[in-house]
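Enquirer: Sequence:
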Amino acid sequence: MRHFLSGIALAAVVATGVVTPVVAQNLFQTVVYVNDSAVTRYEVDQRLRFMKVIGAPDTTAKAAEEALIDDRLRVQAARQIGASLTDEQLQRGMEEFAGRAGLDSATFIARLESAGIEAGVFRDFVQAGTLWRNVVRARLVSQINVSDAEIDQQMKRVIETPIINRVSLSELIIPAPPGQEQQALQLAQRIVGSNPTPAQFAQAARQYSASPSAQAGGQLATVALDNLPPSLRPIITALQPGQITQPLPVDGAVVLFLLRDAQGSLRPGAREQVLDYMTLRLGSVAEASTLAANTRSCDDLYTQAGPQAAAQIQRQTQSQSVIPTLIATRLASLDTDEAGIVPSGAGADLVMLCSRQPALTAQADVPVTALPADGVENAVPGRPQGNNGAPQANGLPDREAVKDQLYNDKINTAADGLLADLRADAIIRRP
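Per the numbering used here, the very first residue in the sequence shown carries number 892; after that it's consecutive.
Any given hint could be a false lead.
Pairs of lysine to aspartate or glutamate residues, derived as EDC-like cross-links and limited to a Cα-Cα distance of at most 20 Å, are as follows [as the list claims (entries may be wrong)]:
1) Lys1294 to Asp1015
2) Lys1294 to Glu1051
3) Lys943 to Glu956
4) Lys1047 to Asp1300
5) Lys943 to Glu1004
6) Lys943 to Asp961
7) Lys943 to Asp1039
8) Lys1294 to Glu956
9) Lys1301 to Asp1043
Worth flagging that the hints you see were computed from the coordinates, not collected in a lab.
Make a model of the complete structure from these sequences and hints.
Expert: So, in structure tokens, the structure goes:
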């Protein structure tokens, strides 16, 4: 939730809470049926107000109606598997949600009520979400697994992703003097809701911004990310170039930022690799070529080479920088379990790649064992000592953190798919 429960957002909801006679007359009219459950116009209005308070990105009546349909389906799915909540469980859920804003549930409800939102709206929202977690746990969790290969791939992606350290921003600062906070927030929401291009944002900055940068379309000089306020950094780094923040209420103003560009650099050592490979000296290039053609994997090399030659096979795990140049050059072109030939005098070396991984991953992954020294433990220069699992200075997450993120992503995707299936099977009709 962005800018959760800002005072300006609450003021905006209160100020827009005017009900015309026509709307009042049809307030409790059913607008949509979800299987056997009716959603009324009043519920849509209340959910819309609630969404504005919590800073939902899409605060339209259509979005509020869709959210209520989803909640009906979630509750119905829970009913089908016999899931229910005790009063204590519901209260815990409400306290947890309110705690995200630094409030207890009673204070949170009081603020909602001051904005014209009934306490039941909050309770229904939390109930649907909590019951849905129970449904997901019962129907999906046992089907979700994260493999070591998936963790390796994600770690590699993280390592290869530059760390953002400089950003180019445009700003739009809308004045919000006392009594005009609502108008300022509404203007900011309209600008964001129009999904402006950078050129359109610049035009809006020239028209509405009170900052000296307005004449330049709101453009600010490129700045170091560390120079931004700590609370703003995660908001900016979550954007892609061309995207805009949600309205940021501050004292006397509402602020929007557009990310024009982001610059970064790779982590130290990001290009370094650790290779697990095998070598075998043979009498000729032809002999090495024949053996390479017949070998399907590193383990298979011992069988194909025969007992006598197998004893001469050397398997090593080394940092790329310390592997002999000719062998390292040949390994660079090999896939896992692929063999190549390196001529050496009158004979030849058969070289086979068993695995390659980023050195930064290996720092957290190369095991320390009680087996005889085989070079594995010392393969990575500067390998950190200790096994407390703490993140390194380069900001690389540990494998457990990556596994948890992948697991959560899979759960969320599966839950979205389940909800889509429920929608497809439901009878959703309008009166």
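Enquirer: Taking the hints in turn, state whether each one holds.
Expert: Cross-check of the supplied hints:
{"no.": "1", "hint": "Lys1294 to Asp1015", "result": "violated, 32 Å"}
{"no.": "2", "hint": "Lys1294 to Glu1051", "result": "holds, 18 Å"}
{"no.": "3", "hint": "Lys943 to Glu956", "result": "holds, 14 Å"}
{"no.": "4", "hint": "Lys1047 to Asp1300", "result": "holds, 17 Å"}
{"no.": "5", "hint": "Lys943 to Glu1004", "result": "holds, 14 Å"}
{"no.": "6", "hint": "Lys943 to Asp961", "result": "holds, 18 Å"}
{"no.": "7", "hint": "Lys943 to Asp1039", "result": "violated, 41 Å"}
{"no.": "8", "hint": "Lys1294 to Glu956", "result": "violated, 35 Å"}
{"no.": "9", "hint": "Lys1301 to Asp1043", "result": "holds, 16 Å"}
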